[in-house]
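Following the hints, complete the assembly by docking chain B with the ligands onto the known chain A.
One line per chain: the protein sequences are A and B, in this order. If you count the first sequence from 1, position 239 lands on 239 in the numbering used here, and the numbers rise without skipping. With the second sequence counted from 1, adding 1000 to any position gets you the numbering used here.
Don't read these hints as lab results, they were simulated from the structure. If you're wondering where the values come from, they're calculated on a predicted model, not measured in any experiment. Every clue listed holds true.
Simulated crosslink set (EDC-like; lysine to aspartate or glutamate; CA at most 20 Å straight-line):
1) K1124/B - E176/A
2) K230/A - E249/A
3) K118/A - E1128/B
4) K88/A - E1128/B
5) K7/A - E67/A
6) K1124/B - E55/A
7) K118/A - E129/A
8) K230/A - D219/A
9) K252/A - D225/A
10) K226/A - E249/A
11) K170/A - E199/A
12) K230/A - D25/A
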Amino acid sequence: MSDTIIKFDQVVKRFGALTVLDHLDFNVQRGEKVTIIGPSGSGKSTVLRILMTLESISEGIVSVDGEPLWHEERNGRLVNASEAHLRKMRVQLGMVFQQFNLFPHMSVRRNITEGPVKVLGMSRQDARERAEELLEMVGLANQADKYPHQLSGGQQQRVGIARALAMRPKVMLFDEPTSALDPELVGEVLNVIGALAEEHDLTMLLVTHEMRFAREVSDRVCFFDKGKIKEQGTPDELFTDPKEERTREFLKAVLEG
Amino acid sequence: MLFGIEWDTSSDLAFAISILPILLRGMIVTIQATFLGFFVALVLGLIFAALKAAPLKIISWPAGVLTEFIRDTPLLIQLFFLYYVLPEYGLVLPAFLTGALALGLQYSAYTAEVYRAGIEAIAKGQHEAARALNFTSLRTFTHVVLPQAVPRIIPAMGNYLVSIMKDVPVLSVVTVLEMLNVAQIVGDRTFNYLIPLSMVGGLYMIMTLVASGGVRWLDQTLPKRGLSLK
Ligand SMILES: Nc1ncnc2c1ncn2[C@@H]1O[C@H](COP(=O)(O)OP(=O)(O)OP(=O)(O)O)[C@@H](O)[C@H]1O
Ligand SMILES: [Mg+2]
Chain A
1 MSDTIIKFDQ VVKRFGALTV LDHLDFNVQR GEKVTIIGPS GSGKSTVLRI LMTLESISEG
61 IVSVDGEPLW HEERNGRLVN ASEAHLRKMR VQLGMVFQQF NLFPHMSVRR NITEGPVKVL
121 GMSRQDARER AEELLEMVGL ANQADKYPHQ LSGGQQQRVG IARALAMRPK VMLFDEPTSA
181 LDPELVGEVL NVIGALAEEH DLTMLLVTHE MRFAREVSDR VCFFDKGKIK EQGTPDELFT
241 DPKEERTREF LKAVLEG
Chain B
1001 MLFGIEWDTS SDLAFAISIL PILLRGMIVT IQATFLGFFV ALVLGLIFAA LKAAPLKIIS
1061 WPAGVLTEFI RDTPLLIQLF FLYYVLPEYG LVLPAFLTGA LALGLQYSAY TAEVYRAGIE
1121 AIAKGQHEAA RALNFTSLRT FTHVVLPQAV PRIIPAMGNY LVSIMKDVPV LSVVTVLEML
1181 NVAQIVGDRT FNYLIPLSMV GGLYMIMTLV ASGGVRWLDQ TLPKRGLSLK
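Isolated chain A (complex conformation) (with noise of 0.2 Å):
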């Protein structure tokens, strides 16, 4: 049986007069780890950007568990959503940012119970516990006092993940995670987002340059290009025998860059 949290479905984005998303098809099934892939400008963050309604939709609609996300019913028809409609359907995504975006002004503690205290009503002992928690499996017990700019980039993007999940979201949310760092701290990203692919429930999408990782950690690859999923399949599929010739030629220039 078939359990589709994510539905793009026939989705169209526009910028002004540059279509970034293409009558776009996309599922994702519950606690699918799948990874995005493409040239830059392919619309792969618009896709995450949209689903953590960060962006709208031009036309077609986008459904998270079900229920539209762009959307809403009312008397029967489907109109656009209001604020209260996304503040709802948002709590089911977390996003973690290529530029960590972390808040500078709080401590990581407060980074992480803010959300759950004010958002979700958690009591703020309970929020401190669990953020002991998440910081104890990202590998960074006993930071929970220093500011986001006393840390390392690869620390502070482990307080990014560690944010986004203390929401329980159902989808997790990547975009090129490990970018923005220096190569000698990425590997303990990548350890931290690995292990947590292993979770049966979480639903994970990843936008990445890193085809090692995408090819360990992934249940499916999508490339995509201008504004289209252009081929897709299991990482062996993808990596090993792409069948478009955009795929090859792209990937060549990724595995040779």
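Same frame as chain A, but now just chain B with the ligands:
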């Protein structure tokens, strides 16, 4: 004699010492006008900044025109306007209040700009992270944007505090007994302008140095990061 205090003209030093308490009375008025004007400028400026940032043009446009108009006209005109025109519409305020209001109004056009720049300097990623965590727009403003903007705007606001202080003598034209006005009255009555005016200059310098020092202290005390509104 002024404020019931006699002056002693037997020597320059005795004169200076005898009029110091008189000038200090004026200085208190100057300080009061400065802080009241500054407070009005801070509040009104934030309101202007918010209106100018409004998504609706019918709100942002008039706010923009009004602040531009305030910026492009001299303080004295605004002061006369408030002092002579408002009473015609039944709004009679004491000269001191009118003066402080005029100062605040004039400087609100500048502080609005400081707020705008401080708020726009917050990285887009901060808004996106707040949205991803499902913060309301109000919470994003009060807990993410403001705490990061406030330390950035303190130096600029401090400069305006000093500027306001130096503009207070303008209020003498509507009879406010601030320090310069007091010194001038002393001069008129004793035919000695040099000593009271020099003393006003010296007192102004002390006030300005103290204010600037205070702002610098505040700027260094509030850490750029790690600042919480709580
Ligand atoms: N707010 C915006 N306004 C206008 N154009 C935008 C905006 N956001 C993205 N774009 C454009 O949309 C296209 C797709 O952007 P997107 O960020 O999804 O690409 P990407 O596949 O993530 O690329 P990269 O690998 O460089 O991150 C790009 O051409 C980009 O310039
Ligand atoms: Mg991108």
